[in-house]
Amino acid sequence: MTISDQELLKLQMECTMFFENNPYAYETARGLAKKLGRAVEPLQIALNRLAAISILDKRGEGNMAIYSYKTPYTQSEVEIH
Amino acid sequence: MIEKSWAMDVRKTVEEIQHTYAEFTRLSILIVDGQGRPLVKPSSYHPFFKKLVDADEETRERFWQEVRHYAGLTRPALCDLWLPGVKFIIAPFKSPAGDVVYYVLAGVLIQSGTKEMLEEEVAGSGLYDESRKLLLDLVLEAEELSGEEAETWREKIGKLAETAERILRSAHREAYVRDRLSELRGVLSTARRERDSIDRTFEQFMDVSGGSDVMGYAERVGPGEYRVSRVVGEGGSGLQDAEFREGEGFLGQAALSDNPMQWTDIQRDPRSFFLKQNGIGEFYGLRCFPVRVGGEQLGILFIVSRKKVQTDALLREFEDVLIALVGEYIASGTIEARMERQIQRLRPLMEVTRFMISAQNTQRIMFMLVDMSLSLVWNPSSAIIVHESSSGEKVQIVSRGIANDFAEQYARDVAKRILRESTGANSAGFELSQTEEGQLMIEYPIVYAGKTRGVLAVSLSSEQEAEECREVLLALATMGSIILQSVYDQQQMNLQNERFLKLMYTSAKAGQDDQGKNTDLALRLLDEYARYGGIAAEEAPFLQRTAMLSVLDDASRSELNEAFAGELAVLKEYQEMLDSEGQTGTFSYSRPAQVLRTVLYFAALDEETAGRLHLTGVSPELFNHFRKFMAVRHTVQSEVVLSDGAAASFNPAEAEERGIEAIVREFGLSKREKEVLELVVRASSNKDIAAKLFISEHTVKNHLTNIFNKMSVSDRAQAIARVFNRGIG
Amino acid sequence: MQETGLGQDIVHTGVPGLDELLGGGVPRGTTIILEGNPGTGKTTLGIQFLLEGARQYGESGIYITFEELPEQIYRDMSGFGWDLRELERQNKLRIICLEPDVLLDQMMRTDGLFEQLIREIDCKRVVIDSISLFRTLGGQQTDGREQIYSIRNIMRKFNLTAFFLREYGETEGRSTPFENYVCDGIIRLSLREHLEKFRKRTIEILKMRGTCIVEGEHHYRFLKDGICILPALSMVEDKIVSDGVARLSTGIESLDEILLGGLPQGSAFMMDSNSKANYKYLMTSIYAERIKQGDCVLFMLSGLSSVETLEQSLQLFGASLREAALEERVFFIDHYHRKVDPVYENLVVHVDRLSNEEYQKKVYEAINPHFRETIVQGKRWFIHYDLNTIISERGREFVKRNFADEMARCRAAGITVLCQSNFTEIGLETSSFLERASNGVIRTWVDGSYQYLQITKSPGGRMSAPHIVDNIRERPYVRLI
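Protein chains in written order, with my numbering: chain A, -15 to 65; chain B, 129 to 857; chain C, 1099 to 1579.
In isolation and in its complexed conformation, chain A is listed as follows (with noise of 0.2 Å):
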């Protein structure tokens, strides 16, 4: 499966912005694929890039790998010194 730098990159940004929609969801490729209406495959390898730049948490391989938004480190109260 191949598929182009932009289009990779369209469904990064589409699947970020779904997760940061719904951070409390949890989805595999396929059911995401249903709701974005997008082909699976390509779909797999976006997901996984977005895990492995850890903004994605990924349970599970595959087919029955579930993706889940992973909230980005957050402190509010960093004193400055």
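Derived from the structure by calculation, the hints contain no laboratory data. Certain hints may be false.
[What the hints assert, rightly or not] On the chain A side, residues computed to face chain C include the following (Cβ under 7 Å):
1) Tyr8
2) Thr12
3) Met48
4) Ile50
5) Lys54
All C-beta atoms in this analysis are idealised placements derived from N, C-alpha and C, irrespective of residue type, glycine included.
We have chain A already, so just place chains B and C on it with the hints.
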């Protein structure tokens, strides 16, 4: 095969010269190829030549057989044909390529005083009629020449051959260069048409150019670092992906130069080591062409020649220009690809922008900026936003892919370096910095409301990456700034409205003493109730605004209609609740309205008056919870008076537990009574207690009576207050 | 919540009306099948179960859906004013939208997603929408029973109270589905076409282990803030309504339904009718019901209705005015000084030829002793107030001056009042005043060849749709459709 070098114009020129010579020498002249085929029209001073040309196949063949005896001549010579004494001058000359020999035939020459003798010879020879007749004519027509004269003519005809050869050669060179140029133009147009197939361009170029054996392109991959990204030609594959640095070897030297460089006869030069080592082997020469755009070196085109090849200087020059052009195409292709990649990354940013605008929440926008910036760089590892906090001495961070303590340390550094600088943004819109750990970070100031308020920083693997990503990240950061500005504006607007509301509230309550005092208390109660956990922290200000609005008259309210639509909706519900108080039926008021009703009710409650046990439309759970809060509040307040600062560390849940334990011990409550009391304190209704303990409501009432008696209190509120009193004590 | 070790830990669904049908709630760890055709509100009820759990009892829940997009659910539920996203932020709710096989895979793993979620939000309630899809997992032979069995056991293991949603039509005509055996209860939602226009939504509890249920079909409605179940009338009589207010049946089932069980005790309702409309049956049914229930009733007689005519019409509804008179729990105000049967003699307050002040004094003095006495006995009071008569006899000003006060006093005393009036005749100003002073308005009018009835105001703020008043042969002779 008519030689391609004998093009029409060449033929005409040679013919012209041939005629001149013929006239001058009074000889018949014929120029032929090795097979005796005439190449130009003969200059016939003798009918013989005409006859020879027109003669039958056999006669011609016999004649050429005679001529062929002299094949291998390299200089013009006087040759006897058919009969000794019948002489011809044969002058050979070469084709421009040097592979074919042509001949100039001139004749006939007869030694003076031999004509009669030759006539007899011909007559008495065994030649058949046609040939004899021809030969006879030949002899009869020939002039008798002295030996010196013959020698002079030989030289002249030799000159003719030389001239013909020169004409051919120069014509050939012209044609060759023309053809080559057109081939090279073909290479160029391929290079232009198919930018992505540089390999094909290289191959084509090498086909056309004589002395090119390996051709390649080394791309700059980092500051001072190059990698061979494409290479074609036999034995060149070893070079693929080979890396070198600026100044290293010939290629490295070429990288330092703005101009094409050329080296020849470099077999023993140590600088050739890099190429030799990578499978090129021995080679004779190297040409290098820098590929640049603006001041930026993108890479080097190079051509290796294994052997010395003599190339036409004009062609060579043209090749150089051509390669430079190919280099330009590579450069523009690189830039275009770079731009395309930027555009690819910018395009989805449009959608992201829409999404971010809809978020209208600083934290969520920061999440998006971090997540999106990670998606936009080639080798994502980490991203962080450092944003000023409402308090000047603190910053807020959102990060991904960075260890938490490191993120905080980095945030401090950024805060000192960038946020505290009042000078504003760097003109480039970003800065590169290196962390203590050596991590390269690209940092973009987030500027809004007239000041740098945050920094978006993304870790990068190299400066090269920085160059490629900087524009798109700049776009993202700029977009983030703009959106944060809009959120900020919104907040300012809200603050403005709130200040306005407070002013109106202050002036309105001046006219209504009691209600104003009650509302002030309600505002405090809302704060405290939020700390107590009854409502979310962000609900308190909302309800406080609603409470303030309740004091205003209709006209003032309608002025604030747009700014406080949500609050006014709740206020409307609140007023409906007031109207329906005491009525029966099913009510469904929103929770904020219920809280407001309860808080304002208690705030207005005279301490001496026994409160109601129920408010119409308020859920019993909420009501009881608030009543409990009021009881606790009261006790805590009295406590605060006694021992300063006790309230700060006050924890209701712990107090509850301690209080119940104390009461159980003090008044000797049974296990079941303790359970009932715990539920009472947690604001359960009798019905709930019954359900939870699986006993009837009647039994619950009995338990309660016993508990109240033991504790000597008269109702729930007092019991709860006592539990908390003990809990605090 | 503390485990007592003694009693069972009861879970309240929090869905209005449902806990009453379930005898208070269901034991913790119960798995209930909620079945119904599409459009019956399974999803709404399921979400409501989780939402009320979170709001009222601090219990978190997980909603597992295989079909709907979460977005859809968030949007649909916001129609009821439910902000599910906020609940998610508060860790009170998770909506999980996964394929059944993936979900099951995660459920079976130690420390899989499901276990982690339960821990993360301290989950107590689960809704699976729907288990029908599990059937396809096990293949043809097994009917998905292993999967359903596993899931049911997982619920039990974590002590989760669960609703399993199931399409009703799916199991029809087949042998009893497997899950009926492994689950603890079955609730069925139905939507019946009824007389063309009127659709009846009913809920029925078919089975429930470990709790005492109210059998039969009960109606439910979609209100603006969710589903509300109206327990069948047989229950209304003896149940304690959650808001502590008893509902007085009107004797007309369909009218009770739109009044959410009947007239709330202590409320003042207005029956607004034009002269053409036949309100008599409606009114009489309401009095008859009161008399039958042993309540005290005060009638204001109009020029057209005497004690005799009243006695007759009540008889039609199976209520004996005479017996009630003997028990001294019916009273009359008569402006026309008509002779009555001796049985009623002491019970009639004659108010003819009295000034307004004298009238008020006389009525108060006559009724008050009875009132005090009967209230001690725990009797409920009901007043029929004929505004048409009062306005013609006492004048518009009198009504304007006193009506609101009188109604407030009645309310305070827990007396239910039904006023009869004709707003069109009274005029806009007075009628809108009267409407404001009442808790509810029942309007009935004739338009074309139909008589209509509509609740235009009620204490809960709800208006009903207009219904057609239809005459029937048996008591109560009218019904609403």
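Consistency of the hints with the structure:
{"no.": "1", "hint": "Tyr8", "in the structure": "5 Å, holds"}
{"no.": "2", "hint": "Thr12", "in the structure": "5 Å, holds"}
{"no.": "3", "hint": "Met48", "in the structure": "5 Å, holds"}
{"no.": "4", "hint": "Ile50", "in the structure": "6 Å, holds"}
{"no.": "5", "hint": "Lys54", "in the structure": "14 Å, violated"}
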